[in-house]
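Line order of the protein sequences matches chains A and B.
Quick note on the working numbering: the first sequence kicks off at 875 and runs consecutively.
Quick note on the working numbering: the second sequence kicks off at 1131 and runs consecutively.
It should be emphasised that the hints constitute simulated quantities derived from the structure, not laboratory data.
As the structure is a computational prediction, the values presented were derived from the model and not from experiment.
Please note that the accuracy of each hint is not assured.
[Claimed, not checked] Calculated cross-link-like contacts (lysine to any residue; reagent style SDA-like; alpha-carbon spacing at most 20 Å): (1) B:K1233 / A:A961; (2) A:K896 / B:G1171; (3) A:K926 / A:D944; (4) A:K915 / B:Q1139; (5) A:K945 / A:A961.
[Stated by the list, open to error] Quick partial rundown of chain B residues pointing at chain A, CB under 8 Å, derived from the structure: (6) H1172; (7) P1173; (8) T1216; (9) K1228.
For glycine and all other residues, C-beta sits at the position ideal for the given N, C-alpha and C.
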Amino acid sequence: DTAVSQTPKYLVTQMGNDKSIKCEQNLGHDTMYWYKQDSKKFLKIMFSYNNKELIINETVPNRFSPKSPDKAHLNLHINSLELGDSAVYFCASSQNRADQPQHFGDGTRLSIL
Amino acid sequence: GQQVMQIPQYQHVQEGEDFTTYCNSSTTLSNIQWYKQRPGGHPVFLIQLVKSGEVKKQKRLTFQFGEAKKNSSLHITATQTTDVGTYFCAVVGGSNYKLTFGKGTLLTVNP
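Chain A on its own, in the form it takes in the complex (with noise of 0.2 Å):
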């Protein structure tokens, strides 16, 4: 069984759409991540998630919001998607803090056309 899984892998839409990407993790752990990859394979947090609280939002615009309704799942939703939005997303998951190994998801490629 994966470990952490994220749907759909690849998301290929046009710039003004909305979309979302759904992540599920069957570790029991509380604690759940986004993260965008650019191009340069920069990795960068976007949110962080303790037992369904927002605990991370670093800088992302509003058209980004997501959801946890459980400790287990995390969504993504993106409003008016724009050309500089094409990335990899990533959904990761640790035990409780940072601080702990983090298991990630396969990743959502993201292209914007």
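Based on the hints, put chain B in the right spot on chain A.
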């Protein structure tokens, strides 16, 4: 927030040569993590170092944490083509729930 400088950005080696990547911080770190990301893959946790001067080994990989806990290195002995990928260090800072990654070192290996 906490930042780490990782060098080199790229390293190309012949199979069998050694490889080292370094992470440096201007402030004392509580711990440091290392991840590997294969091309087209996702970051995979390798190890965490916590103690000053700590050295840990995983087969051909040797991880070190500096005495002052401001720098760390990952050394691979006798590289193989399976070692290809980007190696990231990562540190916690600003919040217990925020992990900041270095920019990574992309290792390519010529067979």
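Hint check results:
Under the criterion of a C-alpha separation no larger than 20 Å, the hint pairing B:K1233 with A:A961 is consistent with the structure, at around 16 Å. Restraint check for A:K896 and B:G1171: satisfied, since their Cα atoms lie roughly 18 Å apart, inside the 20 Å limit. This hinted pair checks out: A:K926 and A:D944 have alpha carbons roughly 6 Å apart, not beyond 20 Å. For the suggested pair A:K915 and B:Q1139, the alpha carbons sit about 11 Å apart, so the restraint of at most 20 Å is met.
Distance check on the hinted pair: A:K945 and A:A961 sit about 25 Å apart at the alpha-carbon level, beyond 20 Å; violated. Of the supplied interface hints, the one on B:H1172 holds, with its beta-carbon coming within about 4 Å of a beta-carbon of chain A, less than 8 Å. Annotation: interface hint on B:P1173 holds; nearest CB of chain A at approximately 5 Å, less than 8 Å. The interface hint given for B:T1216 holds, since its Cβ lies 6 Å from the closest Cβ of chain A, which is under the 8 Å cut-off.
For the restraint placing B:K1228 at the interface with chain A, the shortest Cβ-Cβ distance is roughly 5 Å, inside the 8 Å limit, so the hint holds.
Comparing the model with each earlier hint shows a violation of hint 5 alone; every other hint is respected.
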